[in-house]
Every structure is written in structure tokens, then in C-alpha cells.
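Protein chains in written order, with my numbering: chain A, 112 to 627; chain B, 87 to 646.
No lab work stands behind these hints: they were computed from the structure. Any given hint might turn out to be false.
Listing some non-contacts, in silico: residues in chain B with all C-beta distances to chain A over 10 Å [claimed, not checked]:
| # | residue |
| --- | --- |
| 1 | Y269 |
| 2 | S329 |
| 3 | D425 |
| 4 | G515 |
| 5 | G586 |
Pairwise CB distance ranges (calculated) [to be verified]:
| # | chain 1 | residue 1 | chain 2 | residue 2 | range |
| --- | --- | --- | --- | --- | --- |
| 6 | B | H482 | A | L584 | 44 to 54 Å |
| 7 | A | T452 | B | T357 | 35 to 45 Å |
| 8 | B | W337 | A | H189 | 54 to 64 Å |
| 9 | A | L402 | B | H314 | 41 to 51 Å |
Think of the CB as a built atom: it goes at the ideal place given N, C-alpha and C, for glycine as much as any other residue.
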Amino acid sequence: MIGAVVAQVGGPVAPIDTPRVVWHALTPLLVLLGGAVVLVVVASLRPRRPRIGWHAIVTILVALGAIGAVVPLWRDVHRNGPFSVMADAVGVDGFSLFLTVVICASVVIAALLLDGYLRRESLEGPEAYVLLLLSASGGVIMAGANDLIVMFLGLEVLSISVYVLAGLHLRRLRSGEAALKYFLLGAFSSAFFLYGIALVYGATGSTNLVRIADFFARNTLSDERLLLAGIALLLVGFGFKVAAVPFHTWTPDVYQGSPSPVVAYMATGVKAAGFAGLIRVFVLALGPYRLDWQPVVYWLAILTMVVGAVLAVVQTDVKRMLAYSSINHAGFILVGVQAATRRGVSSALFYLAAYLFMVGGSFGIVTLLGRRGDGRHRLADYEGMGRRHPVLSMLFAVFLLAQAGTPLTGGFLAKFYVVQAAVEARSFWLALAAMVTAVISAFLYLRIILAMYAGGDADEEASTSEAAPPGRLRVPPMARLALAIALIGTVGIGLVPGPLTRTARDATPALVSGGR
Amino acid sequence: MSALALVGATAAAAANAATSATSASAANAATSAADASPQFPVLTALVVLPAVGALVTGLVSRRRPEAARQVAVLFAVLTGALSIGALVLFKTGTPGFQLVDKATWIKDLDISWFLGIDGISLFLVVLTGVLFPIAMLGGIPHHDEKPFYAWLLMLEAGCMGVFLALDLFVFFVMFEIVLVPMYFLIAGWGYERRRYAAIKFFLYTMLGSAFMLVGLVATAVLYQRAGHPLTFNLVTIATNQGSIATTTARWLFLSFAVAFAVKVPVFPLHTWLPDAHTQAPTAGSVILAGVMLKLGTYGFLRFGLYLFPEAATWFAPAMVTLGVIGIIYGAVAAAMQRDLKRLIAYSSVAHLGFIVLGTFAITTQGLEGGVLQMVNHGISTGALFLLVGMIYERRHTRAIAELRGLQRAAPIFAAVFTVVMMSSIGVPGLNGFVGEFLTLLGAFLTRRWWAVVGATGVIVAALYLLWAYQRVFHGKLDDANADFGELRLREGLVLAPLLGIIVFLGVYPKPVLDRIEPSVKALVAQVENNGGQRQPPVATTGTSAREGTFVRGERKGAGG
């Protein structure tokens with residue numbers, strides 16, 4: 112009807128040629144979005160404080176459904192090769208599907224932790240879960256985006272939901288502060304990213320990654336300044352999302368202030384989405400210009416690892432420590448990205464998957480130990496935990512040692528593959544620097560473990576006496592499940608690394624035009 | 087309790103069955119004794135059994151520390167028996183790897199669970215098997231028995247794994263995993279400055295390992311780049327020498343050497359050792375000195391000389407020099423200690439210097455002496471730490487100045503201490519002498535002046551140990567030491583096997599040397615065939631040995 116109106120006003124117009132939508136290729140995304148909408152509608156019709164945590168259960172089922180939807184697509188891609196849909200705006204390849212699963216798995220772990228957390232803090236309600244699902248759908252869009260505009264769309268959907276999640280805890284001042292800080296700096300980085308898109312468009316004449324790659328294959332730019340400026344701005348945008356130094360300054364404050372289960376999601380899901388975009392844009396589309404961006408990423412990786420490791424050591428708040436250690440991990444993944452090879456990409460994917468379990472588990476423990484108010488995160492609060500909560504301490508020790516890269520855990524293999532990728536790309540010194548920072552950051556993990564098992568340092572002991580140790584710690588069943596999943600994931604990947612190694616190897620990113 | 091143990095045993099058996107299926111096909115990989123591969127995978131069991139023991143110990147109720155102790159000791163003794171079993175099954179006179187177990191672990195990278203034993207690792211495995219139950223019985227914790235024993239068993243599994251692994255990846259995993267139990271043992275059950283010592287120990291060793299990991303990956307990748315399929319198989323890479331350029335191989339050797347030098351420890355990297363050894367609980371010190379230091383020297387043999395023969399020769403002068411510095415420095419530092427435990431810790435630095443000297447002399451005698459000395463040091467220093475632990479239990483001090491005249495209060499204790507001390511000094515008739523003599527002999531053939539300087543270390547060793555003995559055991563018994571208890575039967579039984587080994591190896595080392603020698607000769611040949619130095623003919627054993635001593639004219643006269 113609108114068409115008819117337009118035709119009457121401006122004369123005859125050709126109908127707009129809309130691209131054909133291949134719905135089945137988008138099922139994971141649609142499941143997540145649909146789940147979020149259904150959840151918000153149904154939850155608004157139901158009482159506020161349900162006895163059973165069915166919000167969490169629905170969220171988990173939706174995330175699992177999305178993972179289930181990935182399976183036939185994975186088979187399809189494996190058999191018939193990757194393809195693009197929606198006028199080449201969304202790519203379906205092993206890479207995007209792998210990261211879809213990683214993001215959905217991080218939603219599962221975060222939802223399991225959120226249930227107990229929200230009850231403990233009397234914050235029950237479906238909002239957190241809806242935002243979690245929306246944010247995950249943004250991440251899934253980023254993982255498959257073949258167009259810079261779509262990438263930006265995904266980035267914003269992902270980010271804005273997480274800004275709100277960071278401020279979820281209404282009664283904690285720090286939570287609001289974290290949300291505001293995250294939002295302001297995030298908005299800046301989005302602006303950088305958008306400007307980068309504009310410049311790249313100016314240089315290449317397209318925002319579509321397939322066409323940009325095609326453009327580089329056919330043309331040589333006589334003046335590269337515009338493009339290089341665009342690349343730099345895009346790198347800033349991604350660097351912010353993955354918390355690479357020097358774009359990391361928000362991380363410790365936001366991680367410290369945000370609700371712990373949300374931090375678990377930020378550190379795993381958001382980071383995975385950020386790296387998805389980074390790899391898609393830089394390794395795939397801007398691959399021909401790797402000689403220009405590789406040295407930058409090389410130094411970015413070194414800076415990120417060193418700053419993450421060194422500053423983690425001087426912290427006294429466990430959440431801040433873990434924030435800096437996540438910066439160190441981001442540096443490791445950047446090492447894999449820097450290699451810009453198939454092995455490099457699959458090592459980054461392996462790292463993200465293994466990292467999901469150990470960091471999810473770590474923040475799970477932190478969630479439980481934070482107690483009501485989510486405030487007991489000083490290192491001094493962890494003293495003597497080994498005696499009071501032997502099982503939780505043991506689990507925390509396993510997750511921390513895994514993060515330090517102890518063999519027989521996923522963390523070791525993740526580091527091993529990244530080092531292998533770097534060595535294959537002849538970046539020996541980078542590999543060595545990475546391992547040395549791993550040693551520095553091991554100090555921090557050992558410090559937490561020592562605090563749990565052997566008491567703290569002498570100067571910290573003085574401050575323990577002020578508050579009497581709170582009563583018995585209740586571990587909700589869903590949190591138990593989350594910790595069990597994290598433990599199985601961490602140790603299982605370490606003991607039987609074959610399947611994940613193969614999957615990460617097969618999950619190659621691809622830029623292809625069209626398809627089915 | 088016995089039911090639990092039974093479950094553990096069946097679990098181990100099941101795990102073994104899984105690996106034994108593939109072990110048969112892999113046995114022909116590089117070994118001469120493929121047909122001798124038995125049905126029961128002894129070596130896998132040596133690693134799995136203590137690990138299962140750790141789990142079973144962890145399952146025992148916390149209220150029954152005695153039960154945890156019994157289960158743990160049972161598993162340690164079984165492992166020890168199994169290591170003796172490996173000794174019996176070992177075929178004397180063959181240089182290659184025996185009793186090989188192999189199963190694929192990560193197929194994409196050709197990483198496999200590849201275990202084997204040869205003359206070099208054989209006695210280190212037996213040492214590990216024997217020393218762990220003794221350490222468990224000799225060093226009893228005063229709290230949290232269950233985790234203590236579980237960590238010890240985990241440590242044993244890791245140590246066994248290091249000595250048995252023939253895959254670069256598996257070796258690294260085991261080399262690194264031993265840090266965790268030892269860290270917890272020091273941090274949880276150590277003395278006053280245990281936190282500092284535990285972190286220092288962990289970080290020092292991990293820093294070394296960081297270099298090794300990069301070197302290890304680079305070795306595999308560069309080997310692949312030379313046109314071979316990617317593999318982490320040590321034997322394959324070591325036998326195809328020449329795939330990696332000489333200069334590169336030297337860098338790679340260096341990256342491995344840093345890790346081993348920290349672990350040994352070689353002179354400038356030794357500072358973690360006195361702290362860790364002094365602060366660790368008795369059982370921890372025994373294992374740390376007895377077994378874990380050997381991980382480094384063993385690494386030098388297996389991943390230095392065997393994997394990078396040319397580079398090892400190139401670095402030999404530097405390594406030998408550092409070894410000699412270690413001998414002298416360790417001895418002098420030990421002489422100046424006021425803490426008895428710290429004194430013994432520094433004596434380890436000196437003893438390990440001898441092993442490094444013998445290893446990098448790259449002669450048959452030097453290497454044989456080095457391997458034998460690894461075992462000797464494990465036995466005698468282990469026993470010394472046990473004895474110091476007993477002194478601490480009685481007097482609650484380790485300060486030499488506070489101990490006096492113990493000989494009068496506890497003559498048998500003093501006698502045992504004397505024997506062990508003499509073995510540590512290297513008095514003829516006891517094990518230490520054989521090892522040090524062979525080491526110095528081997529070093530003299532290729533590095534004369536280094537051997538001369540090193541030999542003075544023996545004298546200084548006598549100095550500091552005898553002086554310490556005088557101060558602690560001689561003199562007038564004062565009130566504080568008056569009720570120093572005599573050696574108890576249980577303590578005597580714990581020490582008896584060590585004393586037996588000390589005397590046996592000192593009097594009749596032939597059976598041990600017979601088993602070490604073929605592998606050592608093969609190792610020397612590996613170095614000589616790959617552009618390394620050639621040992622003087624006199625260093626070879628057998629009929630050709632005397633030829634090296636002929637003067638040219640004499641030989642002609644004999645021929646004409």
C-alpha cells in the first residue's frame with residue numbers, strides 16, 4: 112500500500128529488490144531473539160518472584176536450543192562448504208558456528224550463576240535473562256557478520272545489553288558506576304569503530320567484507336592513507352571490546368563493580384564476540400594488508416600480556432585481579448590472531464573455548480564467595496577458605512591453576528596451541544614473551560591459592576579481624592551445576608583434547624559470496 | 087578401606103588394558119626390545135597407580151587420617167614393587183628403550199602417550215619407587231594427613247612420568263605438573279617462611295619451563311618444516327638428526343637448558359633451592375632433593391645430549407664450568423650455614439655440580455658416574471634430610487649452634503648419621519665414592535683442569551660435613567639436648583633400606599653399572615656420530631680401551 116502511495120506521489124518506481132532470506136541459516140540467531148521476546152512477554156504476565164527459577168531454565172533451554180540449531184548447519188558447512196546469506200551480509204562458516212556455540216555456552220553458565228545470585232540479592236526478575244539473550248544474539252550476529260554495518264549492528268546489540276547488565280545491581284553504587292563507565296567508554300569506542308567503517312568504505316567503496324576482499328584482489332591502492340586510518344580506527348573499536356591494552360582501562364573497574372555472574376559472561380561471551388569480529392575483519396577481509404596491521408597487533412599483544420600480568424600482581428581485590436588476568440588472556444588470544452594463519456585462528460578459537468570454562472568457573476566461585484551484597488572480594492576475605500569451604504577452594508584452585516596454564520587442564524593446551532601458532536609464524540620472541548607473562552600472572556593465581564590455603568601475607572592479616580566470618584555458605588543447585596560444567600570442561604579438555612582440537616581446526620573462517 | 091583400594095586397583099587395570107591394546111603396534115617404533123614387550127604395561131602402571139592412589143586417598147573420610155595414611159603407603163609400596171618389577175624385567179646389555187607403551191593422545195599433532203625405559207632412566211625410576219614410601223613413612227605431617235599423602239602420590243606419578251616419557255609433549259606435561267603438588271606440600275606443611283619458599287620455587291621452575299615450552303614447540307615445528315610429518319616423538323626427532331640447522335639447534339638446546347638448569351639447579355639459577363629445601367616438610371625435602379633435582383639432570387641427558395648432540399657439545403665447556411662453579415660455591419656456602427637443613431640443601435648444589443660435570447664431559451665414565459651419582463645423591467641426601475627431620479622432631483630447632491653432644495645421648499642415631507654423611511662425602515666403600523670417582527675420571531679425560539678443580543670439592547665436602555658433625559654430635563651434652571631420644575625402631579626401619587643401598591652400591595656397583603653402560607655408550611655414540619666431540623679411546627671400556635694408553639712407539643713394537 113505504501114508502494115502505491117509512493118507511486119502516486121513520485122511517479123512510477125521500480126520495486127526494491129530485497130534479498131532472499133534463507134531462514135534456516137539464521138536459526139541460532141532466531142532462536143535466541145525469539146527466546147528473549149517470549150521470555151519478556153510471558154514473564155510480564157507471571158508473578159514477580161517465582162519459587163522455581165524458571166527464568167533461568169527458559170534462558171538455558173533457549174541457549175541450548177541455539178546450540179542444537181548449530182548442529183545441522185555445522186554438518187551442512189562441513190559437507191558443502193561455507194556460504195553467505197542475506198545478500199552476503201551474513202556468512203555461515205565453521206568459524207561463526209563455533210563461536211555461536213561458545214557464546215551460547217557462556218550464556219548457559221551465566222544464567223546458572225545468575226539464578227542464585229539474583230535470589231541472594233533480592234533482585235529477581237526476567238530482565239537480566241532477557242538482556243543476556245539479547246546480548247548473546249548480538250554476539251552471534253558479530254560472529255557471522257560479513258558486512259561492517261551488520262558487524263556494527265551486532266556490536267551495539269551486544270554492548271547496550273551488557274551496559275545495562277553491568278548496572279543490574281540496583282542497590283550497589285559500584286554497579287551503577289561500572290555501568291556508566293562502561294557505557295561512556297563503550298560509546299566512544301563505537302564511535303571510533305563507526306568512523307573506521309566510514310573510512311574503509313571511502314577507501315574501498317564497500318562495507319561488505321566479501322567485496323572488500325574482492326576489491327583488494329583486483330586493485331592496488333595508490334594512496335593507502337585513508338584505508339590505513341580506517342584499519343587503525345577499527346582496531347581501536349575491537350581493542351576496546353576485547354580489552355586490549357591500551358584500550359583496557361575500563362576493565363578492572365567494570366569487572367569489579369558489575370554483578371559477578373555478569374562478569375562471567377563479559378569475560379567469556381563478550382570477549383568471544385569481540386575476537387570473532389576482529390578475526391573476521393582483520394584476518395579475512397584485511398588479510399592482504401596484514402603486513403601493515405600485524406606489527407601493530409604484535410605490540411598490542413605484548414603490551415596486553417605484560418600490562419595484564421604485571422598490574423594483576425599488585426591488586427588486592429580478587430575481582431580486579433581476575434580482571435587484569437583476563438586482559439592477560441586477551442593478549443594470548445591476540446598472539447593467535449597476530450599469526451594470521453589458519454593455525455592461528457584455530458588456536459584463538461581453542462583458547463576462547465577453553466577459557467570459557469575456567470573463567471566461567473572462577474567467576475562462579477567469586478559469585479558464591481561474594482556473599483550477600485557481592486562485596487567480599489578482598490584478598491583478605493579469601494583467607495582460610497581452604498579450611499572453611501574445602502570443595503569450593505579446591506575447585507577455585509583448579510580453575511586458577513588452569514588459567515596459569517598447568518598441564519592436564521584446558522588452560523595449558525590453549526597456551527600450547529597459541530605458542531605453536533606463533534612459532535609457526537616465526538614469531539619466536541612473541542611466543543617467549545607470552546610464556547614469560549604467563550609466569551608473572553601465575554604469581555597472582557598462586558597468591559590467591561596461598562591466601563585460601565596458607566593464610567595471607569602478614570600485613571593483610573591485620574584487616575581480617577574486623578568482620579566476623581559470615582554464616583554457612585549456601586551453594587544453590589544451579590550454581591553447583593555451573594561449577595560442575597566448568598570443572599568438567601576445564602579438566603576434560605586437558606585430558607581429552609582431541610575433539611575440541613579437531614573442531615577448532617575445522618572451524619575455519621571463510622569469506623564467500625552467495626552459496627545456497 | 088581395602089574395598090576402596092580394590093576399586094582403585096581395578097580402575098588402574100582398566101586404564102592399563104586400554105593402553106596395552108595399542109602398545110603392541112607401537113613397540114616396534116624405535117626399540118630393539120620390541121618382541122620383549124610384555125602384556126602388562128608396567129610403565130603406564132607406574133604412572134597411573136600413584137595417580138589412582140592419590141584419588142583413592144582423597145576419597146577417604148577426613149576423620150580417619152590413619153586410614154588415609156595406610157592407603158597412601160600401600161599405593162606407594164605397590165608402586166615401589168612395580169618399579170622393582172621393571173628392574174627385573176629390564177634386559178641387561180641392550181641400549182634401546184624397553185617395555186615401551188604407546189597410545190595416541192592428540193592425533194592431529196602426533197602426540198602420544200609414549201613411555202619407555204633404558205639404562206639411564208631405569209635406576210631413577212627405581213629410586214623414585216623406593217624413596218616415596220620411605221619419605222611417607224619417615225616424614226609424618228602434623229595436620230591434614232589426607233591431602234598431604236594425596237599430594238605426595240600425585241607427585242610420584244608426575245616424577246615417574248618425567249623419567250618415562252619419550253614424547254616431548256608428555257615430558258613437558260609431567261615436568262610441569264610436578265610443580266603443583268610440591269607447591270602445595272611446601273605451602274601447606276612447611277616451616278615459617280613456607281609461603282615465600284613455595285611461590286619462589288613455583289615461579290623459578292615455571293620460568294624455566296616457559297623457555298622450554300617455546301623451544302619444544304619450535305623443535306617440533308622446525309622438524310616438520312624440514313619435510314617430516316609433524317610429531318612430538320622424541321625418538322623420531324632425535325634419530326633424524328640434521329633436520330634442524332646447527333645454529334637453530336643451539337638456540338633450542340639453550341631453551342631446554344634453562345629449564346633444566348633451574349631444576350638441577352646449576353649455579354646462577356640455584357637460589358630457589360635453599361629456601362625450598364629448608365622450608366619444605368621432611369617428606370617434601372626428601373623428595374625434592376632425592377627425586378626432583380634429578381628431573382633436571384635427567385633432562386640434560388635425554389633432551390640435551392640425546393636430542394641436540396652437537397649443541398650439547400658446543401655448550402659443554404660452559405656447562406662444565408658452571409658445574410665446577412656449583413661444586414665449589416655449593417661447598418663453600420654449605421660450610422657457612424648455621425641451619426643444618428640449609429647446610430644439606432647447599433651440599434645438594436655441590437653434588438649436582440658433580441653430576442653436571444660428569445654429564446657434559448661426554449665420556450662413558452663421566453656419564454655413568456653422573457647417572458650413578460644421581461641415584462647416590464637421592465639416597466644419601468634423602469637419608470640426611472630424614473635424619474635432620476628426626477632431629478627437628480626432637481629438638482624443634484635446626485640451628486647447629488643449639489645442638490651439641492648428641493652422640494652421647496643417642497649413639498645409634500649418631501652412627502647412622504655418620505654412615506650417611508660418609509656416603510655423602512664420598513668415602514670409599516660407600517656409594518658416593520663410586521659415583522664421584524667415575525665422574526671425575528670421565529671429566530679428567532676430556533676436561534682435565536675442570537676435574538682437578540672439581541676434585542677439591544670433595545675435600546671441601548668432607549670439611550663442611552665433618553665440621554657440622556663435630557658441632558652437633560661431639561662436645562659436652564648440655565641440658566637442652568640431654569633428653570635427645572635414641573633412634574626408634576620405626577625410624578630405624580625407615581632408614582634401613584637406604585643404609586643397605588648405600589653399602590651395597592659402594593661395595594658392588596657392578597650390577598647397576600652393567601645396566602647403565604649400554605645406554606650410556608649409545609648416548610656417547612649419538613653425540614659422536616652427530617658432529618660432536620670424540621671421546622679419547624681410553625674412555626671406552628672393553629678390549630679396545632687399552633689402545634688409547636699406548637704410546638705410538640709401543641703400539642708399533644707390539645705390532646712388529
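Was G515 (chain B) rightly flagged as not at the interface, with every chain A Cβ beyond 10 Å? Holds, since 43 Å exceeds 10 Å.
Is the distance from the Cβ of T452 (chain A) to the Cβ of T357 (chain B) consistent with 35 to 45 Å? 40 Å Cβ-Cβ, so the 35 to 45 Å window holds.
Outcome of range test on Cβ distance (H482 (chain B), L584 (chain A); 44 to 54 Å): Because 37 Å falls outside the window, the suggested range is violated.
Could you let me know if the closest chain A CB is still more than 10 Å away from the CB of S329 (chain B)? holds (16 Å)
So Y269 (chain B) supposedly isn't at the interface. Is its beta-carbon more than 10 Å from every beta-carbon in chain A? Y269 (chain B) not clear of chain A: closest Cβ-Cβ about 7 Å, inside 10 Å.
Quick check on a hinted range of 41 to 51 Å for L402 (chain A) and H314 (chain B), using CB atoms only. violated (30 Å)
With d taken as the least Cβ-Cβ distance between D425 (chain B) and chain A, does d exceed 10 Å? holds (21 Å)
Determine whether the Cβ-Cβ distance between W337 (chain B) and H189 (chain A) falls within the hinted range of 54 to 64 Å. Distance hint for W337 (chain B), H189 (chain A) is violated at roughly 40 Å.
Interface exclusion of G586 (chain B) relative to chain A, criterion Cβ beyond 10 Å: Per Cβ check, G586 (chain B) is outside 10 Å of chain A; nearest 36 Å; holds.
This entry does not satisfy hints 1, 6, 8, 9, going by the numbered hints stated previously.
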